[in-house]
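**Q** Listed below, chain by chain, are the residues.
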Amino acid sequence: MVRLYRRYKVLSCLVFAVLCVVTVLSLTVSRSASAQLTAPAPDLLTIDMSSNQVGITTGFSGASFSVFGMNQIEGDVAIIVEGPPRSLVVRRKDNVAGLWMNRQSVRFINIPIYYDLALSTPSLSMAQRPMLEKYHIGLDVLKLEYRGKHDKQSINSFREALVRNKQLQGVFSLEPRKIEFLNKHFFRADFSVPPNVPTGNYRVRAFLFENGVLLDQQEKQLKVAQVGFSATILGFAYNQSFLYAISCILMALIAGLGAYFIMRRG
Amino acid sequence: MDIYLPIAEMTVSVETIFLLGTFVGFLSGVFGVGGGFLTTPFLIFMGVPPAIAVGTQANQLVASSASGFMGYWKKGNVDVKMAGIMLIGSFLGTLFGVLLFRLLQHLGQIDLVIPVLYVLILGSMGSLMLYESLGSLLRKKKPQTAEKPKLYRHPFFQMLPYKMRFERSRIYVSALLPGAMGFLGGLFVSVLGIGGGFLMVPAMIYILGMPTILVAGTSLFQIMLSSIFTTVLQAVTNHTVDMVLAALLISGGVIGAQFGVRASRHIKGVHARVILASILLIIAFKLTGDLLIPPRELYTLEIKVEGQV
Numbered sequence: 166m167v168r169l170y171r172r173y174k175v176l177s178c179l180v181f182a183v184l185c186v187v188t189v190l191s192l193t194v195s196r197s198a199s200a201q202l203t204a205p206a207p208d209l210l211t212i213d214m215s216s217n218q219v220g221i222t223t224g225f226s227g228a229s230f231s232v233f234g235m236n237q238i239e240g241d242v243a244i245i246v247e248g249p250p251r252s253l254v255v256r257r258k259d260n261v262a263g264l265w266m267n268r269q270s271v272r273f274i275n276i277p278i279y280y281d282l283a284l285s286t287p288s289l290s291m292a293q294r295p296m297l298e299k300y301h302i303g304l305d306v307l308k309l310e311y312r313g314k315h316d317k318q319s320i321n322s323f324r325e326a327l328v329r330n331k332q333l334q335g336v337f338s339l340e341p342r343k344i345e346f347l348n349k350h351f352f353r354a355d356f357s358v359p360p361n362v363p364t365g366n367y368r369v370r371a372f373l374f375e376n377g378v379l380l381d382q383q384e385k386q387l388k389v390a391q392v393g394f395s396a397t398i399l400g401f402a403y404n405q406s407f408l409y410a411i412s413c414i415l416m417a418l419i420a421g422l423g424a425y426f427i428m429r430r431g
Numbered sequence: 031m032d033i034y035l036p037i038a039e040m041t042v043s044v045e046t047i048f049l050l051g052t053f054v055g056f057l058s059g060v061f062g063v064g065g066g067f068l069t070t071p072f073l074i075f076m077g078v079p080p081a082i083a084v085g086t087q088a089n090q091l092v093a094s095s096a097s098g099f100m101g102y103w104k105k106g107n108v109d110v111k112m113a114g115i116m117l118i119g120s121f122l123g124t125l126f127g128v129l130l131f132r133l134l135q136h137l138g139q140i141d142l143v144i145p146v147l148y149v150l151i152l153g154s155m156g157s158l159m160l161y162e163s164l165g166s167l168l169r170k171k172k173p174q175t176a177e178k179p180k181l182y183r184h185p186f187f188q189m190l191p192y193k194m195r196f197e198r199s200r201i202y203v204s205a206l207l208p209g210a211m212g213f214l215g216g217l218f219v220s221v222l223g224i225g226g227g228f229l230m231v232p233a234m235i236y237i238l239g240m241p242t243i244l245v246a247g248t249s250l251f252q253i254m255l256s257s258i259f260t261t262v263l264q265a266v267t268n269h270t271v272d273m274v275l276a277a278l279l280i281s282g283g284v285i286g287a288q289f290g291v292r293a294s295r296h297i298k299g300v301h302a303r304v305i306l307a308s309i310l311l312i313i314a315f316k317l318t319g320d321l322l323i324p325p326r327e328l329y330t331l332e333i334k335v336e337g338q339v
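Protein chains in written order, with our numbering: chain A, 166 to 431; chain B, 31 to 339.
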């Protein structure tokens, strides 16, 4: 019994010691890591938006919003507006016996449904490529992951087609927008979204670089959603789909029968 | 003026949709056709997703078939029993059609299958109609009605089981025949967004041997019921009925139909058939061109809805 107790004591001491060492180690490591990775002082960069929601109304024909920001230290700023990630299939038409039909297809995953960016520099020279890739700064560095096995050449043409089509639809930016500095520490960027902007919770992220080093970053949410009458119809269609169907049919029947009676009278 | 379609999630011009509805309504007033063959391809061409174009078109068909049906119903020219049997077939056809549509969409072939079927159906109907109407136009006299092909006398149709007596039409045929026609009709509405009246009417005359006077009303009754069923099915399972789009199409259609009916009093039947045949052939020709001419953009994108395979 005593021996057992002693064993426990030894064991618990050992566990305690190990825990202590681990804690100390992790503390020092994390401190050094954080010293390396993030800014020495917080809030070097602060942004806010003119509106944190894009409301799609019945008469919606696109919208615009501005991102304002303060930077404590002079540097290069990039602002990314990114829609939620989705899977999407890119299909390629080929000629089969004279008919043009879809043949090959590639399924891409985690593709933002919307992408736009604004830069304070004329090009993406603010940081090295790995850094840009990590934070999705620039269309060229978007990963465009896919599922399945495809040879490199065809995947490249599928990737190009994805970006080209998204740009044609107006949901991927053609070229970076400009960030205007009102003075050295205060900037603004104007964004606009097209009428066909996909709905969802968007992320607006701003990055402050100095000589290729990321000093600070900040993220805001932008909600793109239908509001008012459109939202009511959409909610009705999804939440009470049977009643919705019945109302659609009633509307059609009333219109059809009304037309008949008007016609008969005429 | 632009309007945002809540289900299709896109902005369209009110005038364009309204004019499309009016034009289709005009055609249905003049020729008594539903006009789905015109609306569905045009909506797809405008960028409305095919599934929503077809689903919404089913809703529009409810309106146009209902107003047509009422006229025949008032005169008592509807064989309700026949329509009932067809309806059973059309329920199955609609269910099958909605599943088929999903499968084709999954395979990425919906934008091949829809135009090909349109070309086949519109092309053959258009050329037959043009041939027949031009012939009678050139001969300047009515075609002899005695030479109708009496397919329903064919032993194959006579020996089918489950024979039923249809008192209103005064015929005794296998229930499988109207059932199969209903099935085809349901398939048309749910896959192509067309009522298929222009196919159903001759089939009812030649294969079932129904009296001509009952055919149009009965076919409209069947189209109305199967488009109601399709609307419910599409709205509940696929959420592809856009009420705003349907309302625009229907209101245009109601107005267009008034003009169409008035115009039809001044157009001779033969001339009307020549015009309708030409319209069918033009659409078939356009769709054939789209299938054969190398597209400018070979690639298309389809965003997958979460949870969908």
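I should point out that these hints are in silico values taken from the structure, not numbers from a laboratory. In this text, all values refer to a predicted model and were calculated from it rather than measured experimentally. Some hints could be false.
Said to hold, decoys possible - Below are the DSS-like pairs computed for lysine-lysine, each with C-alpha atoms no more than 25 Å apart in a straight line: (1) K298(B) / K193(B); (2) K388(A) / K334(B); (3) K334(B) / K314(A); (4) K316(B) / K258(A); (5) K385(A) / K299(A); (6) K258(A) / K314(A); (7) K314(A) / K343(A); (8) K317(A) / K343(A); (9) K334(B) / K331(A); (10) K349(A) / K331(A); (11) K334(B) / K308(A); (12) K316(B) / K317(A); (13) K334(B) / K258(A); (14) K316(B) / K105(B); (15) K388(A) / K258(A); (16) K385(A) / K308(A).
**Q** Taking the hints in turn, state whether each one holds.
**A** Verification of the supplied hints:
Note on K298(B) and K193(B): the hinted pairing is violated, with a Cα-Cα distance of about 40 Å set against a maximum of 25 Å. At most 25 Å may separate the alpha-carbon atoms for a hinted pair to count; K388(A) and K334(B) meet this at roughly 20 Å. This hinted pair checks out: K334(B) and K314(A) have alpha carbons roughly 19 Å apart, not beyond 25 Å. The straight-line distance between the Cα atoms of K316(B) and K258(A) is roughly 19 Å, inside the 25 Å bound, and the hint therefore holds.
Distance check on the hinted pair: K385(A) and K299(A) sit about 18 Å apart at the alpha-carbon level, within 25 Å; holds. A hinted pair counts as satisfied when its Cα atoms are at most 25 Å apart, and K258(A) with K314(A) qualifies at roughly 19 Å. Restraint check for K314(A) and K343(A): the C-alpha separation of about 39 Å exceeds 25 Å, so the hint is violated. The suggested pairing of K317(A) with K343(A) is violated, with an alpha-carbon distance near 34 Å, which exceeds 25 Å.
With a C-alpha separation of about 15 Å, the suggested pair K334(B) and K331(A) falls inside the 25 Å cut-off, and the hint holds. With a C-alpha separation of about 35 Å, the suggested pairing of K349(A) with K331(A) is violated against the 25 Å cut-off. The suggested pairing of K334(B) with K308(A) holds, with an alpha-carbon distance near 18 Å, which does not exceed 25 Å. Between the alpha carbons of K316(B) and K317(A) the distance comes to roughly 37 Å, so the proposed pair goes past 25 Å and is violated.
Proposed proximity of K334(B) and K258(A) is supported: the alpha carbons are some 19 Å apart, at most 25 Å. In summary, the hint linking K316(B) to K105(B) is not supported, as the alpha carbons are separated by about 39 Å, beyond the 25 Å threshold. At most 25 Å may separate the alpha-carbon atoms for a hinted pair to count; K388(A) and K258(A) exceed this at roughly 35 Å. In summary, the hint linking K385(A) to K308(A) is supported, as the alpha carbons are separated by about 22 Å, within the 25 Å threshold.
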